[in-house]
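So the protein lines, in turn, are chains A and B. If you read the first sequence in the numbering used here, its first letter stands for residue 1, the second for the next number, and so on. If you read the second sequence in the numbering used here, its first letter stands for residue 1, the second for the next number, and so on.
For the record, the hints were derived by calculation from the structure and aren't laboratory data. Nothing here was measured: the structure is a model prediction, and the numbers come from that model. Take these hints with a grain of salt, some might be off.
[Claimed, not checked] No more than 20 Å apart at the CA atoms, straight line, and that leaves these computed lysine to any residue pairs for SDA-like:
#1 B:K70 - A:S77
#2 B:K59 - A:K114
#3 B:K59 - A:D83
#4 B:K59 - A:P97
#5 A:K104 - B:K70
#6 A:K114 - B:L5
#7 B:K70 - A:K114
#8 B:K70 - A:M1
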Amino acid sequence: MPRLLGVDIPNDKKTHISLTYLYGVGHNVARELCHKAGVDPVKKARDLAEDELGRLAALLERDYVVEGPLRRQTAQSISRLRDIGSYRGLRHRRGLPVRGQRTKTNARTRKGPKKTVAGKKGVKDLR
Amino acid sequence: MSRSLKKGPYVDPKVYMKVQKQQESGGSEPIKTWARACTIVPEFVGVVFMVHNGKAHIKVQVTEDMVGHKLGEFAPTRTFRGHGGKGKR
């Protein structure tokens, strides 16, 4: 399997799909990369030549923020919001939705699995 | 949807005037304001505001990181006292 940027080993799918296995590379960026590096996007990743891989890696390193640095960037942005005591930082701290979504229902992605409260309306019906 | 760039950031004219006045005179007295929607511009760094949250004025010391945010973001309007009764009482 080909190796890109050290650890990541996209599998033997078409190149433009395979590249999306990198954190920070979606379909758009993947296609862009193929185009810029002059790689056929529908060629299987395992058939990529050494120089093609090199060009992809060089592009990624030069023009894009992916993987570790991207994760760090995101974490830093969040911790900045926390540190300045803004409303958005507060929401991050509490693990609640940040962008004004309702929390009466839904918001399960942020809040995690349901915690059933005894005696609340509807609890009996659940049983 | 974010604000049109054409318009530039919204900065409350009265607040801006007060900040400028303070910087001329060199005072550092808190500026009481209700203008929660006012964007914090670089000139505000170091100034102390008292931002209204609907009930009281919350002290906000502006730092460099706060530039680009709005004054209201630093004065929460809700107090969550927690759910549940029996167990706590």
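*Which numbered hints are broken by the structure, listed smallest first?*
2, 4, 5, 6, 7 and 8
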